[in-house]
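Generate coordinates for the entire structure from the input sequences, incorporating the hints supplied.
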Amino acid sequence: MEARTEDRAELERITTTLREHIVRSTTKAGSGHPSTSLSMVEIVTVLYFGGVLRYDPKEPRYPDRDRFVLSKGHGAPGLYAVLAEAGFFPVEDLLTLRQLGSPLEGHPNMCRLPGVEASTGSLGQGFSIAIGHALAGKLDGRDYRVYVMVGDGETEQGQVWEAAMFAGNHGLDNLTLIVDRNGHQQTGAVADIQPLDPLDEKLRSFNLEVRTIDGHSLEEVAAGFDWARSVTGKPQAIIANTIKGKGVSLLEAEQGKWHGKPIPPDEEAKALAEVST
Amino acid sequence: MSLGIERLKLEDGPATREAFGDALAELGSDERVVVVDGDVNNSTFTNKFAERYPDRFFNVGIAESNMVGIAAGLAGCGKIAVAASFSTFLMSNAFDQIRMSVAFPNQNVKLVGTHAGISIGEDGPSQMAIEDVALACALPGFTVIVPADGPSTAAATKVLLETEGPMFLRCGRPKVPVLYPGGADFHLGKANVLRDGDDVTVIANGIMVAMALDAAEALADEGVSVRVLDMHTVKPIDVVAIERAANETRGIVVAEEHLAYGGLGATVAMVVAERKPTRLAFVNIGDTYATSGTPEELLAQYGLTPGAIADAARRVLKD
Numbered sequence: 515m516e517a518r519t520e521d522r523a524e525l526e527r528i529t530t531t532l533r534e535h536i537v538r539s540t541t542k543a544g545s546g547h548p549s550t551s552l553s554m555v556e557i558v559t560v561l562y563f564g565g566v567l568r569y570d571p572k573e574p575r576y577p578d579r580d581r582f583v584l585s586k587g588h589g590a591p592g593l594y595a596v597l598a599e600a601g602f603f604p605v606e607d608l609l610t611l612r613q614l615g616s617p618l619e620g621h622p623n624m625c626r627l628p629g630v631e632a633s634t635g636s637l638g639q640g641f642s643i644a645i646g647h648a649l650a651g652k653l654d655g656r657d658y659r660v661y662v663m664v665g666d667g668e669t670e671q672g673q674v675w676e677a678a679m680f681a682g683n684h685g686l687d688n689l690t691l692i693v694d695r696n697g698h699q700q701t702g703a704v705a706d707i708q709p710l711d712p713l714d715e716k717l718r719s720f721n722l723e724v725r726t727i728d729g730h731s732l733e734e735v736a737a738g739f740d741w742a743r744s745v746t747g748k749p750q751a752i753i754a755n756t757i758k759g760k761g762v763s764l765l766e767a768e769q770g771k772w773h774g775k776p777i778p779p780d781e782e783a784k785a786l787a788e789v790s791t
Numbered sequence: 254m255s256l257g258i259e260r261l262k263l264e265d266g267p268a269t270r271e272a273f274g275d276a277l278a279e280l281g282s283d284e285r286v287v288v289v290d291g292d293v294n295n296s297t298f299t300n301k302f303a304e305r306y307p308d309r310f311f312n313v314g315i316a317e318s319n320m321v322g323i324a325a326g327l328a329g330c331g332k333i334a335v336a337a338s339f340s341t342f343l344m345s346n347a348f349d350q351i352r353m354s355v356a357f358p359n360q361n362v363k364l365v366g367t368h369a370g371i372s373i374g375e376d377g378p379s380q381m382a383i384e385d386v387a388l389a390c391a392l393p394g395f396t397v398i399v400p401a402d403g404p405s406t407a408a409a410t411k412v413l414l415e416t417e418g419p420m421f422l423r424c425g426r427p428k429v430p431v432l433y434p435g436g437a438d439f440h441l442g443k444a445n446v447l448r449d450g451d452d453v454t455v456i457a458n459g460i461m462v463a464m465a466l467d468a469a470e471a472l473a474d475e476g477v478s479v480r481v482l483d484m485h486t487v488k489p490i491d492v493v494a495i496e497r498a499a500n501e502t503r504g505i506v507v508a509e510e511h512l513a514y515g516g517l518g519a520t521v522a523m524v525v526a527e528r529k530p531t532r533l534a535f536v537n538i539g540d541t542y543a544t545s546g547t548p549e550e551l552l553a554q555y556g557l558t559p560g561a562i563a564d565a566a567r568r569v570l571k572d
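Protein sequence lines, in the order shown, are assigned to chains E and S. With our numbering applied, the first sequence corresponds to residues 515 to 791, in that order. With our numbering applied, the second sequence corresponds to residues 254 to 572, in that order.
One or more hints might be untrue.
Said to hold, decoys possible - Ranges of calculated distance between the beta carbons of each label pair, as one might list FRET restraints:
id, chain 1, residue 1, chain 2, residue 2, range
1, E, P571, S, V446, 16 to 24 Å
2, E, W741, S, G539, 42 to 50 Å
3, S, E264, E, Q708, 53 to 61 Å
4, S, V493, E, V745, 32 to 40 Å
To be verified - Which bits of chain E does chain S cover? Going by a derived footprint, with three or more residues having C-beta under 8 Å, they are:
id, segment
5, 568-575
6, 619-626
7, 629-637
Bear in mind the hints are in silico, worked out from the structure with no lab data behind them. All C-beta atoms in this analysis are idealised placements derived from N, C-alpha and C, irrespective of residue type, glycine included.
Shown next, in the form of structure tokens:
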């Protein structure tokens with residue numbers, strides 16, 4: 515099944531719904547990472563509803579499905595929101611986030627939640643796992659594609675570059691790396707802690723095809739994935755410039771201060787109103 | 254005889270790493286088997302698989318973290334992913350990848366660590382895995398195998414590939430005596446009784462099994478009857494065999510080429526403490542890193558000899 519919604523208004527509605535889920539689920543949980551989840555909303559919306567990913571929520575592990583690996587596992591509330599809307603589990607379950615007994619753990623657990631392709635949360639590992647998926651696809655002659663999202667701060671992990679080297683050298687054109695470049699990590703701005711620029715040239719020098727987009731423009735995200743699928747012979751990297759906490763003024767105002775912090779209950783109504791407009 | 258074994262009239266067979274490499278190449282016709290290597294395939298002998306099945310072999314380079322992650326992704330797509338390197342680089346360098354990408358999601362990845370222990374010799378402590386069994390045993394759901402000779406390593410490799418789930422197989426560098434000349438009966442979690450006796454039991458694995466048999470020969474001359482168990486599977490451990498040894502003999506010596514902490518000795522002690530307290534003695538590397546030297550010199554220096562096992566047995570019987 516390819517869920518393709520060409521109607522831009524419908525995609526926009528979905529981004530709003532996902533943001534509401536992210537705010538509600540983390541505020542109810544009283545913990546979690548809403549800000550890093552909010553920065554990835556347009557990207558996962560286009561992946562799951564813009565006709566990019568091939569998937570079937572009724573048969574989540576069918577062999578020919580495309581795979582999306584969330585390497586930045588703390589973006590779990592964003593992943594859960596899109597998986598629920600895509601039909602992998604009931605939307606009501608989102609409000610069990612982080613509760614004892616819920617498969618919606620603080621970070622994604624592939625053994626407990628349908629639609630999760632890799633258990634992540636220790637940063638830097640998802641790209642390698644995605645390479646394994648891409649290699650298996652090539653070995654088996656299957657035409658599925660693999661998408662993996664890392665955070666920009668996550669690229670400080672050496673394993674990301676081990677993986678980039680391998681993917682580039684093996685010409686894995688069925689693999690797309692997405693860098694959710696929201697500019698912030700736990701204790702501050704990436705540019706202050708380990709400046710990445712020129713990130714595009716770094717990735718290019720590892721033999722990836724690179725394109726930089728506005729990660730909050732549905733058109734640019736969709737065009738980015740169309741471009742990625744047109745590249746042959748090389749893995750692709752989409753650097754998506756995003757805003758940590760996108761859509762909630764409280765989080766956007768002090769992006770370095772809200773990592774791993776939910777919106778307080780008394781700010782929830784305002785946040786929900788903001789993401790709906 | 255090498256490795257301090259003098260009394261047994263055993264011929265040296267292949268190193269366990271070579272037996273693994275041969276078995277892997279032999280069993281590699283299964284299309285699901287994919288091998289990833291950290292650029293040591295001519296040491297781990299996965300090159301034998303690579304020669305036959307080049308399309309299913311990937312030398313990831315000197316990048317164990319990426320190697321293990323790729324293996325996890327392959328396993329997630331239905332492959333039997335074998336990741337082989339020097340045991341210390343595999344288990345120590347990539348431990349978080351093993352924990353997070355393999356153990357936690359229970360992936361069908363087979364980790365094969367070669368050049369384990371101090372018997373690698375001259376290359377010295379940076380290359381010696383002496384913590385690897387403890388690290389592997391610490392991972393929930395992991396099976397941990399330390400075979401003693403070529404035939405049992407071949408049998409273990411078959412079981413490794415045929416059994417679903419994350420596993421660690423530990424192999425050594427030097428050639429070792431053949432203990433199972435007719436082939437090994439290998440069942441996960443079930444120790445092999447290589448010699449029966451009723452005074453004292455020696456539980457060993459890896460290269461220490463041959464030494465335990467040699468020690469048993471020496472003790473027999475003194476009228477001491479020694480039971481020798483090849484405890485090739487450290488996890489899940491053979492609780493029944495340990496409990497029987499505790500009940501039927503007067504004490505147990507545990508011998509392993511590993512640190513004192515977290516390996517076979519600690520595991521046996523846990524079982525004994527809970528099921529049937531008895532006198533225990535331990536032959537292992539203790540709590541120290543080794544040095545360079547020949548394998549024989551190092552084994553003697555760090556007390557991994559038939560003589561050390563016999564002494565431990567005498568201590569157990571004296572109390």
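Going through the hints against the structure:
1. E:P571 <-> S:V446: 16 to 24 Å: Since E:P571 and S:V446 have Cβ atoms about 53 Å apart, the given range 16 to 24 Å is violated.
2. E:W741 <-> S:G539: 42 to 50 Å: violated (60 Å)
3. S:E264 <-> E:Q708: 53 to 61 Å: Taking Cβ atoms as reference, S:E264 and E:Q708 lie about 57 Å apart, which means the hint holds.
4. S:V493 <-> E:V745: 32 to 40 Å: Violated, since S:V493 and E:V745 (Cβ atoms, about 58 Å apart) do not stay within the stated range.
5. 568-575: violated (count 0)
6. 619-626: holds (count 3)
7. 629-637: holds (count 6)
In this structure, the earlier hints numbered 1, 2, 4, 5 are contradicted, and the remaining ones agree with it.
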